[in-house]
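Novice: Could you build all of it, start to finish, from the sequences and the hints given here?
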Amino acid sequence: MIFLNMTDKLIIEKICRDLDHELNAREKADLAVYLASNPEAAQIYQQQALIKKQLDDGQASMIEIDLKKDILNKIAMEGYKQPPKKDGVRIVPGFLSRPVVKFGFTFVTGFFLGFLIFSFLKADLSGNSGQTDQMKGTFYDSKSTGGIKNAGVLQYDNPVAKALVNVRYSTTMVEITAELNSSEPVKCNFQFDYNNFNVLNIQNVSVNSQTTALASGNFIQINNMGENKFLIYLANKNALENNIDFKIMLNDSPIFQNSVQVNKD
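Sequential numbering from 1 applies to the sequence shown in our numbering.
Hints may contain errors.
Below, a list of computed lysine to any residue pairs in the SDA-like style, where the Cα atoms sit at most 20 Å apart [stated by the list, open to error]: (1) K28 / R17; (2) K162 / E179; (3) K149 / P185; (4) K162 / K229; (5) K237 / F256; (6) K162 / Q210; (7) K264 / Q191; (8) K162 / L250; (9) K247 / P185; (10) K264 / T172; (11) K162 / S259; (12) K162 / G152; (13) K247 / G114; (14) K187 / V153; (15) K229 / L164; (16) K237 / N158; (17) K247 / V153; (18) K9 / P39; (19) K187 / Q257; (20) K9 / E27; (21) K229 / N158; (22) K187 / K237; (23) K149 / N263; (24) K187 / Q203; (25) K9 / N166; (26) K187 / K149; (27) K229 / E184; (28) K162 / Q191; (29) K264 / N166.
No wet-lab data here; the hints were simulated from the structure.
Specialist: What follows is the structure, given as structure tokens:
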């Protein structure tokens, strides 16, 4: 049957086309079989037929059916998945062009779009990795945070790569200033315990087009080329002693590795 995998919206369209006598004999037969095995669809068919009859009789003001609520009650939101992209639904002139039916379609479509937007926003807030030029967040300025302490400085200098990493912290935040310079592409990685820290914001203070940064729940990777500077802010969740590890990789082999301890007191 062509209806078994249809969405409720397409079923309603088929019902409306049948009421406007626009289905061929096979389509009408298929619809009849589907309605016979689906009581909810059959109820929608009866309600649409009633609306059409009253509109045709010039008595639209007497309709007492809450079409919006009834259509929404027929849709199983838990099982909804975004359908694959395809050509838009063809709006057939006739019954579908009448204001009451158009309003019902518009309301259902808007409800679906709102549900999808909410789902995508919820997924985006779950902590998945992403490039820093796509990240948004509050700007954290260490000058406005009291009780800043120095955790330490990590420094590396050789002909291929140079790094100067200054780490400071308060009871609520960790600030990392990373100045990097490399004549070849290198990966500069920061790693930390997710139970104690998480990424709040990464600022590209002075970054060229050959350099990118990625962040996940407990990991920051800077793909560095040339001279660049970053400001990184982490939430200091528990203010407990813990290390932040820093590593420089050249051709996937470490050339420098060290760590700095925060929350020393």
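Novice: Determine for every hint whether it applies to the structure shown.
Specialist: Hints versus structure:
{"no.": "1", "hint": "K28 / R17", "verdict": "10 Å, holds"}
{"no.": "2", "hint": "K162 / E179", "verdict": "8 Å, holds"}
{"no.": "3", "hint": "K149 / P185", "verdict": "32 Å, violated"}
{"no.": "4", "hint": "K162 / K229", "verdict": "12 Å, holds"}
{"no.": "5", "hint": "K237 / F256", "verdict": "28 Å, violated"}
{"no.": "6", "hint": "K162 / Q210", "verdict": "17 Å, holds"}
{"no.": "7", "hint": "K264 / Q191", "verdict": "18 Å, holds"}
{"no.": "8", "hint": "K162 / L250", "verdict": "12 Å, holds"}
{"no.": "9", "hint": "K247 / P185", "verdict": "14 Å, holds"}
{"no.": "10", "hint": "K264 / T172", "verdict": "14 Å, holds"}
{"no.": "11", "hint": "K162 / S259", "verdict": "16 Å, holds"}
{"no.": "12", "hint": "K162 / G152", "verdict": "17 Å, holds"}
{"no.": "13", "hint": "K247 / G114", "verdict": "43 Å, violated"}
{"no.": "14", "hint": "K187 / V153", "verdict": "19 Å, holds"}
{"no.": "15", "hint": "K229 / L164", "verdict": "10 Å, holds"}
{"no.": "16", "hint": "K237 / N158", "verdict": "35 Å, violated"}
{"no.": "17", "hint": "K247 / V153", "verdict": "14 Å, holds"}
{"no.": "18", "hint": "K9 / P39", "verdict": "16 Å, holds"}
{"no.": "19", "hint": "K187 / Q257", "verdict": "12 Å, holds"}
{"no.": "20", "hint": "K9 / E27", "verdict": "17 Å, holds"}
{"no.": "21", "hint": "K229 / N158", "verdict": "18 Å, holds"}
{"no.": "22", "hint": "K187 / K237", "verdict": "27 Å, violated"}
{"no.": "23", "hint": "K149 / N263", "verdict": "9 Å, holds"}
{"no.": "24", "hint": "K187 / Q203", "verdict": "18 Å, holds"}
{"no.": "25", "hint": "K9 / N166", "verdict": "58 Å, violated"}
{"no.": "26", "hint": "K187 / K149", "verdict": "28 Å, violated"}
{"no.": "27", "hint": "K229 / E184", "verdict": "16 Å, holds"}
{"no.": "28", "hint": "K162 / Q191", "verdict": "19 Å, holds"}
{"no.": "29", "hint": "K264 / N166", "verdict": "16 Å, holds"}
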